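**Q** For reference, the chains in residue letters:
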Amino acid sequence: MSGLLEIHNLTVTYGSQGRLAPAVRALDLTVGEGEKLAIVGESGAGKSTLANTIMGLLPNSAEIKGEIFFSGIKISPRILAEIRGKEIVLIPQNVYNSLNPVLSIGNQMEDLLVEAKVPPDQRKNTILNWLRSVRLPRPEAIPGSYPHQLSGGMKQRVLLAMGLSRSPSLILADEPTKGLDPVRRMGILHLLKQLIEHQRQSLILITHDIKAAVFLSDTIAIMYQGEIVEIIPATRLYHHSLHPYTMALLAAAPERGLQVPCRINPGVSSYPLTGCSYAAFCNLCRPTCLQQKPALRKVAFGHMVRCNVIA
Amino acid sequence: MGSYLLRRLSAAVASLAGVSFITFLLIFIVPGDPAEMLAQARFGHGVGEREIEMIRSVEGLDQSLIIQYIKWVRHLLDLDFGYSLINRQPVLSLIWSRFPATLLLACSSLLLSLTVAVPAGIISALRKDTWLDTVSRLFALLGLSMPGFWFSYILIIFFALKLKILPVSGYGSFVNLVMPSLALGLGMTGLIARLLRASLLEVLQQDYLKAARANGIRGSKILFKYALKNAMIPVLTVVALQMGFLLSGTVIIESIFGWPGLGKLILDGILTRDFPVVQGCVLFTAVCFIVINTGVDLLYAWLDPRIRWEAGS
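Protein chains in written order, with my numbering: chain A, 90 to 400; chain B, 21 to 333.
Just chain A, same shape as in the assembly (with noise of 0.2 Å):
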């Protein structure tokens, strides 16, 4: 299959000489033409990493091997500097530091459109359309004002304004609801969701909120320690997931009655050299699963589970 973005067997390091485990293992991934996938998994999973290694913002010290494909042409830092803000498009999780707290808010747009060789006479212009576009109360007042004088919600539409106005043909959104509160998380969804369908992109959001997820995406990895574990459609999460972490992952939600996982069996590490990853946690896990890695093998349409014992 081939696909808008295609991921061949990644695998990045933090820290020198491999002394750190892998954020990231021999991780495959297609995302198609205006397909929405969700990157589910709990904290320190990978799901960042990932984003920022398709972005191409990780640090120097992070090491990179396998290879990304965007368009059918294999992205290097040339490539990336030529597409990141105007193809691919990072929504950025971090909503209450992620613009300049010295520019105003006209400042760092009318920066974007530079980049995108806008004419200065339709530069204001079109930061107000845009401000209007993400349904920001007073657009008018919005370019004059600096960061610390909106609040998150306001801040999270103006990174979506940013963000979504180039029309890329890829939305990399990472926890873009991270620290807004209920309702402000539900008007931002729903906005999101459709901008994104108005304009048929393709979307990648990294999140641990499962509602967040079903609610925007077609398909759901879930990610367990640099790994994906589990590729479902997102209408199929609740009542056919398979992989025993995609459970619990169920079971811990707020409305399940958060019953965290407690490590089944003891003998086993949390962080295995060989065998299954989950093997610590897992109650199916057999003594095979202790020396075979499982594959990620296709168990119905759409759907693949990396487990030993089901598939």
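Quick caveat, the hints were computed from the structure, so don't treat them as lab data.
Worth double-checking, as some hints may not be accurate.
Said to hold, decoys possible - If we take Cβ atoms under 10 Å as the criterion, some of the chain A residues that face chain B in the derived model are:
1) Asn141
2) Met144
3) Arg173
4) Val178
5) Pro181
6) Asn183
7) Leu201
8) Val207
9) Gln238
10) Ser240
11) Gly242
12) Arg325
13) Tyr327
14) Leu331
Computed from a predicted model, the values in this text were never measured in an experiment.
Even for Gly, the Cβ is constructed at its ideal location relative to N, Cα and C.
Starting from the structure of chain A, add chain B where the hints point.
**A** Just chain B now, kept in the frame of chain A:
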């Protein structure tokens, strides 16, 4: 912004009042009877009790401290800083005659250190942990740890005595300015370079920089517009403090190079117990500090809109 300005200016006036009182007390803090010192300066050594008492009465030294202070401030407001005990010249004209030399030296050493320190700090931060960073940090450390007076003598030995391309001391031409500027600028260069490196490294980690890069902002714009402006805020404080020190005259460097600045005037004043000169110089220095710091406060508000906002709220 208006209230911020008003608050900064009233803080400056309050500081000035405090400083002027402490400076006024200087004459009473130094050992000995002020009236006797004045009498000795006027009539020579071995003055009698009658002359001392006469001076005490004429100069108002027998009045209460507060009355004396009010009188002194009234003179100050008329720009009357008193007269030198040694050469009887007005203190203010002495200060004005020395200030251009100090200002010239301060500006040239500050310019020199900024010219070196800002690029060094930027390169160091951008090329962290490379040989460029190591070299830059090593020089910064060297600059910070080397005493100015020692470096002055190294410069004199090398440029004046060995190579014979610069004069040992003096004032009046560009060649005279080189060595004192280098000697004064060295420590400051190290300090500013290190501080800018640390500050820039912190800013480079911020999410707004990552977001700007993700939005396609590139190269020099990221550095100069999105990072450097934020990173310069703490550096500015240090530059302002350094400028204050420089404007108050650098006693040791000016003495070594025979530079006729304020530092040398203060030193001569102290050595000859010419306390009106010392008092005038100390007050002048304090005013310089206060003016520069108030200027920097206003500059902060221009650089960082959050300060303007906090002040307005």
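**Q** Check the structure against each numbered hint from earlier and tell me which ones fail, lowest number first.
**A** 8, 10, 11, 12, 13 and 14
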